[in-house]
Amino acid sequence: MRPLLLNAAFYLLSGAILAGAAGTVLLRRPLYCALSLLFTLLATSGLYILLGAELAGYLQIIVYAGAVMALFILAIHMTGQDEPAKLPPLPRLLLMAAGAGAAGLFALLMLASSRFFIAFVKLAPEPYSVAEQAGLIFGRYAPQFELLSLLVLAGIAGAVLAAKKKL
Amino acid sequence: MMNFLPLTDSVPLAHIVGLGVAVFAAGAFGFLVRRNLIVLLMCVELMLNGANIVLVAFSRAPGAADPQVWVIFMFAVAAAEAGVGLALAVLIWRRLGTLDIDALKELKG
Numbered sequence: 001m002r003p004l005l006l007n008a009a010f011y012l013l014s015g016a017i018l019a020g021a022a023g024t025v026l027l028r029r030p031l032y033c034a035l036s037l038l039f040t041l042l043a044t045s046g047l048y049i050l051l052g053a054e055l056a057g058y059l060q061i062i063v064y065a066g067a068v069m070a071l072f073i074l075a076i077h078m079t080g081q082d083e084p085a086k087l088p089p090l091p092r093l094l095l096m097a098a099g100a101g102a103a104g105l106f107a108l109l110m111l112a113s114s115r116f117f118i119a120f121v122k123l124a125p126e127p128y129s130v131a132e133q134a135g136l137i138f139g140r141y142a143p144q145f146e147l148l149s150l151l152v153l154a155g156i157a158g159a160v161l162a163a164k165k166k167l
Numbered sequence: 001m002m003n004f005l006p007l008t009d010s011v012p013l014a015h016i017v018g019l020g021v022a023v024f025a026a027g028a029f030g031f032l033v034r035r036n037l038i039v040l041l042m043c044v045e046l047m048l049n050g051a052n053i054v055l056v057a058f059s060r061a062p063g064a065a066d067p068q069v070w071v072i073f074m075f076a077v078a079a080a081e082a083g084v085g086l087a088l089a090v091l092i093w094r095r096l097g098t099l100d101i102d103a104l105k106e107l108k109g
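So the sequences go chain by chain: A and B.
Read in order, the letters of the first sequence correspond to residues 1 to 167 in this note's numbering.
Read in order, the letters of the second sequence correspond to residues 1 to 109 in this note's numbering.
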């Protein structure tokens with residue numbers, strides 16, 4: 001692809017991700033928040049593929065945008081949250097404090113990583129092969145992988161125990 | 001020397017990290033101001049997503065595949081977190097009939 005197109009694709013995807021994130025945070029109906037988050041996750045998977053993290057991009061679509069978001073939308077419908085809640089508005093001071101906190105977090109994190117900022121990232125490079133990443137997962141990170149399977153098992157057991165009325 | 005918005009096939013690392021950090025900060029802001037439990041969980045997912053963007057960016061800058069493996073691990077963590085969190089949300093809704101976090105006062109002394 002021509003360099004200009006790659007560059008434009010990056011900034012378009014960035015705009016889509018930021019717009020989706022803003023929608024997730026600001027929209028009133030939980031269902032619209034969920035759809036906005038879904039949009040963000042799909043745009044992010046596009047970004048991963050553009051940055052050469054193809055496996056992560058495809059898994060993002062399958063696991064995040066597929067399974068996790070289906071779970072969210074199911075929970076929203078199950079609990080009847082598709083109407084916006086009629087709540088008193090938040091105090092202005094709280095909103096301002098939260099905004100200032102988020103802006104401070106942004107500044108702090110950017111400051112902390114700013115010494116790497118002379119680097120450039122090539123768009124659409126040759127992706128790392130699945131075999132290479134599988135070699136890492138089952139080689140250097142095998143203990144962590146096993147711990148992760150334990151975590152998921154505990155998650156399944158916990159979810160079933162928590163949601164079941166009577167055992 | 002730094003050439004912003006260049007017509008090349010690369011972008012400054014600062015832009016990608018800035019995007020990830022902005023998504024993270026947006027999620028944190030939402031976590032502080034929203035009151036629906038399910039929307040709070042969505043904001044946590046947003047924060048995880050921002051962290052993942054930064055990991056993928058750094059996996060490309062120095063050139064090691066490791067951070068992309070961590071991103072894949074993060075997917076499993078996020079899936080487990082969403083499963084347990086939503087089960088708890090359904091449980092709370094069944095007990096209290098609401099998902100408004102201001103109604104959760106049982107731990108108040």
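Hint data in this document are derived by calculation from the structure and do not stem from the laboratory.
Treat the hints with care, as some may be off.
Unchecked claim - With a straight-line cut-off of 25 Å between C-alpha atoms, the simulated SDA-like cross-links for lysine to any residue are:
hint, chain 1, residue 1, chain 2, residue 2
1, B, Lys-105, A, Glu-83
2, A, Lys-165, B, Phe-31
3, A, Lys-165, B, Ala-61
4, B, Lys-105, A, Lys-122
5, A, Lys-164, B, Ala-61
6, A, Lys-122, B, Ala-61
7, B, Lys-105, A, Ala-98
Claimed, not checked - In silico contact screen, one side only, chain B against chain A (beta carbon under 8 Å); selected entries:
hint, residue
8, Ser-59
9, Leu-96
10, Asp-100
All C-beta atoms, glycine included, are put in the ideal place defined by N, C-alpha and C.
Outcome of the hint check:
1. Lys-105/B - Glu-83/A: At roughly 23 Å apart (the allowed maximum being 25 Å), Glu-83/A and Lys-105/B satisfy the hint.
2. Lys-165/A - Phe-31/B: 29 Å, violated
3. Lys-165/A - Ala-61/B: 50 Å, violated
4. Lys-105/B - Lys-122/A: 51 Å, violated
5. Lys-164/A - Ala-61/B: 47 Å, violated
6. Lys-122/A - Ala-61/B: Roughly 8 Å between the alpha carbons, so the hint for Lys-122/A and Ala-61/B holds.
7. Lys-105/B - Ala-98/A: With Cα atoms ~22 Å apart, Lys-105/B and Ala-98/A stay inside 25 Å; holds.
8. Ser-59: It holds, given that the least Cβ distance between Ser-59/B and chain A is near 7 Å, below 8 Å.
9. Leu-96: Given a least distance of 11 Å, the restraint on Leu-96/B is violated.
10. Asp-100: Holds, because the Cβ-Cβ distance from Asp-100/B to chain A comes to roughly 6 Å (cut-off 8 Å).
Of the numbered hints listed earlier, those contradicted by the structure are 2, 3, 4, 5, 9.
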